[in-house]
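Peer 1: Sequence:
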Amino acid sequence: MPKDELTQRLISFIRKRFLDGDPKNELDESTPLLEWGVLDSLNTAVLINFIRDDMGVTIPAQHISGRNFGCVRGISTLVAELSEAA
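Numbering-wise, full-length UniProt numbering puts 20 at position 20 of the sequence shown, and it's gapless, one number per residue.
Among the clues, some could well be false.
Claimed, not checked - Okay, the calculated beta carbon distance ranges per label pair: (1) 82 x 23: 31 to 39 Å; (2) 60 x 24: 32 to 40 Å; (3) 35 x 77: 12 to 20 Å; (4) 21 x 86: 29 to 37 Å; (5) 68 x 12: 18 to 26 Å; (6) 52 x 3: 15 to 23 Å; (7) 5 x 58: 15 to 23 Å; (8) 86 x 24: 31 to 39 Å; (9) 58 x 24: 31 to 39 Å; (10) 73 x 16: 16 to 24 Å; (11) 29 x 63: 17 to 25 Å; (12) 20 x 84: 28 to 36 Å; (13) 3 x 43: 18 to 26 Å.
Think of the hints as simulated: they come from the structure by calculation, not from any bench. Computed from a predicted structure; not experimentally measured. Even for Gly, the Cβ is constructed at its ideal location relative to N, Cα and C.
The task is simple: from the sequences and hints, build the whole structure.
Peer 2: Encoded structure:
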């Protein structure tokens, strides 16, 4: 899957699931998800399950970090790298 498409799918999921549709359209690929409180432990688990179930990419525990999950760009980069390595 092209990285742009991957990024858009992640943004769409996060908007619908965690931001009540993001009515102000504030979420983009560089939004600080941890600082904004969008990703807490429960939401991170939900997102990881979405990535596994919808995109077929399993994220190993050692890759679950603020560096990788700080913004959508970081998440999409990680998913793309793991997908290519598989």
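Peer 1: Among the hints numbered above, which are violated by the structure, and what are their numbers in rising order?
Peer 2: Of the numbered hints given earlier, the structure breaks none, since each of them holds.
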